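Enquirer: Let chain A serve as the given structure and place chains B, C, D, E and F on it in line with the hints.
Chains A, B, C, D, E and F are the protein sequences, given in the same order. According to our numbering, the stretch in the first sequence is residues 5 to 290, in order. According to our numbering, the stretch in the second sequence is residues 5 to 290, in order. According to our numbering, the stretch in the third sequence is residues 5 to 290, in order. According to our numbering, the stretch in the fourth sequence is residues 5 to 290, in order. According to our numbering, the stretch in the fifth sequence is residues 5 to 290, in order. According to our numbering, the stretch in the sixth sequence is residues 5 to 290, in order.
Watch out, some of these pointers could steer you wrong.
Listed next, with one range per pair, are the computed distances between beta-carbon atoms [to be verified]:
id, chain 1, residue 1, chain 2, residue 2, range
1, A, LYS185, B, GLY83, 50 to 60 Å
2, C, LYS123, B, GLU64, 48 to 58 Å
3, C, PRO36, E, GLU258, 27 to 37 Å
4, B, GLY83, C, LYS185, 31 to 41 Å
5, F, LYS259, A, GLN18, 28 to 38 Å
Just so you know, the hints here were simulated from the structure itself, not pulled from any lab data. Treat the numbers as computed from the prediction; the structure is a model and nothing was measured. Ideal Cβ positions, reconstructed from N, Cα and C, are used throughout, including at glycine.
Protein chains: 6
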Amino acid sequence: MFIPRKILEERLVQLLTDDIGQGDITTATLIPADLRVEAMVITKEDGVAAGIMEVTILGESLGLSAKPLVADGDEVKKGRVLITFSGDARTILSFERTALNLVSRMSGIATATRRLSKKLEKAHLNTRIAATRKTAPGLLYFDKKAVSLGGGDPHRFHLDDMILIKDNHLTLSKNIETAVKQTKQKASFSKKIEVEVTSVADALKAAKAGADIVMLDNFSPKKIRETIEALKKLGLSEKILTEASGGITEQNLEKYAQTQVNIISLGELTHSTKALDISMEIKPKK
Amino acid sequence: MFIPRKILEERLVQLLTDDIGQGDITTATLIPADLRVEAMVITKEDGVAAGIMEVTILGESLGLSAKPLVADGDEVKKGRVLITFSGDARTILSFERTALNLVSRMSGIATATRRLSKKLEKAHLNTRIAATRKTAPGLLYFDKKAVSLGGGDPHRFHLDDMILIKDNHLTLSKNIETAVKQTKQKASFSKKIEVEVTSVADALKAAKAGADIVMLDNFSPKKIRETIEALKKLGLSEKILTEASGGITEQNLEKYAQTQVNIISLGELTHSTKALDISMEIKPKK
Amino acid sequence: MFIPRKILEERLVQLLTDDIGQGDITTATLIPADLRVEAMVITKEDGVAAGIMEVTILGESLGLSAKPLVADGDEVKKGRVLITFSGDARTILSFERTALNLVSRMSGIATATRRLSKKLEKAHLNTRIAATRKTAPGLLYFDKKAVSLGGGDPHRFHLDDMILIKDNHLTLSKNIETAVKQTKQKASFSKKIEVEVTSVADALKAAKAGADIVMLDNFSPKKIRETIEALKKLGLSEKILTEASGGITEQNLEKYAQTQVNIISLGELTHSTKALDISMEIKPKK
Amino acid sequence: MFIPRKILEERLVQLLTDDIGQGDITTATLIPADLRVEAMVITKEDGVAAGIMEVTILGESLGLSAKPLVADGDEVKKGRVLITFSGDARTILSFERTALNLVSRMSGIATATRRLSKKLEKAHLNTRIAATRKTAPGLLYFDKKAVSLGGGDPHRFHLDDMILIKDNHLTLSKNIETAVKQTKQKASFSKKIEVEVTSVADALKAAKAGADIVMLDNFSPKKIRETIEALKKLGLSEKILTEASGGITEQNLEKYAQTQVNIISLGELTHSTKALDISMEIKPKK
Amino acid sequence: MFIPRKILEERLVQLLTDDIGQGDITTATLIPADLRVEAMVITKEDGVAAGIMEVTILGESLGLSAKPLVADGDEVKKGRVLITFSGDARTILSFERTALNLVSRMSGIATATRRLSKKLEKAHLNTRIAATRKTAPGLLYFDKKAVSLGGGDPHRFHLDDMILIKDNHLTLSKNIETAVKQTKQKASFSKKIEVEVTSVADALKAAKAGADIVMLDNFSPKKIRETIEALKKLGLSEKILTEASGGITEQNLEKYAQTQVNIISLGELTHSTKALDISMEIKPKK
Amino acid sequence: MFIPRKILEERLVQLLTDDIGQGDITTATLIPADLRVEAMVITKEDGVAAGIMEVTILGESLGLSAKPLVADGDEVKKGRVLITFSGDARTILSFERTALNLVSRMSGIATATRRLSKKLEKAHLNTRIAATRKTAPGLLYFDKKAVSLGGGDPHRFHLDDMILIKDNHLTLSKNIETAVKQTKQKASFSKKIEVEVTSVADALKAAKAGADIVMLDNFSPKKIRETIEALKKLGLSEKILTEASGGITEQNLEKYAQTQVNIISLGELTHSTKALDISMEIKPKK
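If we strip away everything but chain A, and leave its shape as in the complex, we get (with noise of 0.2 Å):
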């Protein structure tokens, strides 16, 4: 996920541009127009430091001087300065929030995908933690490089980029076989086929009509476990892999993952982010 600079500016300033409005009216009667300030942007929690470029590069195209002090993907204590801004009192007081609810929110996704991706870690799991498409309507980049960022795996980006058959697609189809057949025929070479399934059965047809994943939707870690087996005895274990979704939580996590599923995926992490508390403190500019 690595874009030009100059592309994710721009998406940073529309997002600040929606914020704004017609101007920051309280800074504009309070702030003289010549004050230099530093602003330093402290966590306030534990947590994995996420969005920090991005704030970065938001900062830097409003002609504000930014220090990072952690890397993205960084483990922080409550307390630690992430990033220190320098320059013009007003451009830091408008830029504000919306440079804190990105930081925020990104933080927060990392720092939960970082925790349950170690968690597996430390039992020496292999299963790897996902995102899904649940995330923000409109910050996919954003959620999924936060994702990345605490050590999961993003998952396709859109519609585009990977072969998908939900249920409800194959409540339109004929059946399992059919539909990956036909998408294997037509689809086009560059793109992985997935397809959901809700039984083993199903799990098995897909693997041998040539599925490259398979997603076991709602299965127990029990119901997991027999459909690896079950892959395993028809030789088709090495050519397919398998994610679990649903019903997994943070309690829970461990037991799915001893299955050897390869893959875990979790909505969660996107459509129910807990923010990190996340804070900035100006002080003027010796």
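Expert: Chains B, C, D, E and F only, in chain A's frame:
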């Protein structure tokens, strides 16, 4: 917050465009171009519906027929069908995720706001729950509207519709009295003036200087009471509103409201939203 | 009305893009690519400078060097050089008209506003001159800012930053009292409430119901005095502001202001602006 | 200036979006969602209607039903209803100001243009009134169209549709002959070439070098006559058009036109427009 | 590549807006506002129709009635009417060139793709013709779709939907094995990995390291055969796809396909498109 | 066609954004964030360079350092380095394809235009090669500019900068004389009038009615000569330009030009462009 439908339509189509990329390759491969289907949007949790108008507009702008079965702001039980869409299968499948992301987020915000508002109502407390500007970046309109539908106050939208003198402004000002007087003199008569304070003394200074609202930042219930008492003694309690912010949770909410503070604002409603679990079921149209 | 420069830059470049079309064919044909010139922006009339910041930002964003010789809001005499640009000749020639259109319009608005404000000031009257939403379509920001620079009040920006109950709203409401009470109850605490009235009686009703401001529509000075007297008797004159609008001209302005009405708003400032005559002189750079 | 309706619609909705902000809070608070009303747009002054097509398109794009009662370019008397809208009350109230701002400005421009054109017509003079590029920034299309509706010539639109060698270009060129010859050789055959001159001699040089039009900048009527005479003597008067610009007012217009100059262009029409007084009356739909 | 019509409409209207400028002055001058006409879009060459859906959507969005007489992907003979439009004459005349430019380019791409695909089909060869990212700038969607309609594979859309390690990436990497392994470990499981190689040995290294596809850059048919043989011997030929690119022309295409390479990608299809000759005939509506 | 760099930059970044999607995943995975490289853009064919300025601006706007080694319009030999970029490796790899697509297309257009122009020059013929509006959709600016760099005439840009009465306009008009007279009377004096004709007689009618240019559609060289002769006899040949269009190829070009027709316009230059083969080589920066 009434916006002509056409303007809202453009924002919504933009959110969809962001999600689609170069096109839905699964749907293009599997679903025939002339298939007509029906889709039900169903809540899987109890909550307050929000975003129904938004997804109606989005669906209709795509040529779908939409039939809302609940109104925005309605309390809905698990299993309730919120809205149905009928029309072109490919279109419905392509907009499913964007529609659900929007309605889940907005309903999640409305649900939490309603729960807190009702808690106060039941305890016969008049304090109003309010939003902050701590929204998801770029989603200010939708987040604020969801708070309103839940029964909360949207608070200011932008930096342009209210003077709000915060800690960082005061750091750069001489003192509270001067700051308030300066804004009263220079700012437009059409705007209210609010000041964030950290002590009872400062609250009184702000009130005397003519602020319309004081935001009591991280005040304990006890300290809030003291402030309100002191304002009454000075005969200012009719002229000024009090807003409590910081450290307030669902658990201690009543204690804060019992102080008779006018407004309690909560960033969590929008920065740490828990989405309502809502999904879509599609079937061929008979 | 402080907007970070980057956001303003994008609006200004958009205005220029509108004017350029597919390129300046005169300049491309006649002027060599590497010619450096100096340009002076000169006022041909006395007035108040406005838009200096805007054309500075526009020029600099195009790679020109800009040297403002007056500040926005300064009173300037005929013949005064307001700002000089130096740099690429083709760029200066291509942006000349857009820059002059902007600075002439804004200075025209500021000049008229200042003339009226000074008239009141000299007569020791405290009434404030205010803008309306009757701006050139799409130029709200620039028109309001020019009024501010002239010493006027920008009034509300949008339909979102103040409740303003106008004649057409009242036609559709039960009565004034109900309308005001309804908005007081439903609208955000962060917004002021203004009501347009056509009789003294209605002004009093609005005031009693809790409006923050009454707009006295097409009231004679006599009728305004009556209203203010009546408000005083009711002890409401401290709680409410009065705004006169309609039928007020440069000639009768003082008569209106002598009533001690708080605000006089004038659509003419922005809907029938007389541009200040400002031109650009270019010479080769030595 | 025919633009497909859909494109015009997007520009108009953009102007409205600019004005709305986050929504009309007055209307949202006071006016029920299902109220249907009728609105009459009424002129309070005699003039020429313009912008009727634009507000029709804007209204219809918002879902309103629009019924134009006059055509663009019609002369209308005080009290005349120009167009009626019927439909959703909230929508009509929210777009009232943008619609009126547009139709008032365009009608103001058309009215002034018509007045001047008629003056010449009555005096049996063939000179044509023309616009300049001195429009309100960003409103070029609407300002030029209003001039056309008033009976004037829109002149060039952009920097791309005509070669116009102005004073500042000449300052940077060797001399007029070389400049004209250079453009004749290098510029596209599809474009006309006009040259701004400040003396009779220069006018003749430009004509001899092959210019299609000479702009006589700040020429007295006497000097214009001399130029035209000289062109006749040289047998060039059939090949070239003459345009007078600068120092021309409503008072001296006829004197200028009596010189038989082909075009008189006036910046005032668009940079110092006097809006036509037009308002909207709304009543509930029976 | 299914995109909801509304989104496609916005892209198409943008292309038209680019072409129109400030309006069609010929049409405005000559054609009455209420004239209804019929227009036939006719191919003057044999070929494959593409862009029919796009011009249908564009025409309908402008208020025209469109009647497609062939489907996208149909083979059409010289003289065939592809689609008719009826409606407002000015609108049809204004969008004629944009519509023809689009349908001619897309049909030209589809025609060439079909010709090559059929050649292989007739020779009973299974190799697939594919596009590259060498499209006209900004027209990726339309160019790729045209290739699909011609029977080709669109290949990846963006830089985000597939890992494609090209020569320049390898220059900056340690070696092929490390590069492939690094991407397999770090990239999302949802994406395929392709590697561009310049020797048989490198193709084998890439395959062993786990690439999904190898792009054989400028390989002779002989060298392609060697590669495929070697992959078979290593038992990797089922696990990996082979793509030939570079030096392939219509003349030698079969020789390349006879190697049984899976995909042949050709930049010429989109970077050096020969437009299909298509024109529009308009007549008054009886 | 001079456009201020900032405006061009925005168009170019838009083209890049279209191509990038959610980010370059190959580069993000393989290339370290701090790697600095040098890239050479090399032509693999002889031709005329065009687009050098455009890719310079695009590269610099992304923070790269660009060093053009040839000027736009220069004739270049196979193997020539056109421009080098140095800077961040990820940025260069991400913009490589967009930059090459642009420079290859523009250079391809310029090369073909130059070849044809030179052919005429060598034969001492004064006829000018011109573009049409048959460009790639949305790329009008770049296609026209490339024709200019090749030595051709860009012809009109839009529908707004010239009256061009085509076959379809005439079908809907009474006759040629009336059509030309109507436009002469109604259209702005600032625009030229061209008429497309299909017979010598019509050419003469158009000329007599006052057209500035006649487009001789699908005339044979013989018919063109006849037309020019007839115009001479009528003494109109000095007043009108002749443009030949249709059926003209590289082979028969001279025959057409020998008729002394003023302009030959060719759609093929832009609708069936053959891209110049240009590639990029990257190496680590020492």
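Enquirer: None of the hints should be skipped; say for each whether it holds.
Expert: How the hints compare with the structure:
Restraint check, LYS185(A) to GLY83(B): a C-beta distance of roughly 36 Å breaks the suggested window 50 to 60 Å. Under the hint 48 to 58 Å, the C-beta atoms of LYS123(C) and GLU64(B), about 54 Å apart, fit the expected range. For PRO36(C) paired with GLU258(E), a C-beta distance near 55 Å fails the hint of 27 to 37 Å. A hinted range of 31 to 41 Å for the beta carbons of GLY83(B) and LYS185(C) is consistent with their spacing of about 40 Å.
In this structure, LYS259(F) and GLN18(A) break the distance hint of 28 to 38 Å, their C-beta atoms being roughly 56 Å apart.
Consistency with the previously given hints fails for numbers 1, 3 and 5, ordered from lowest to highest.
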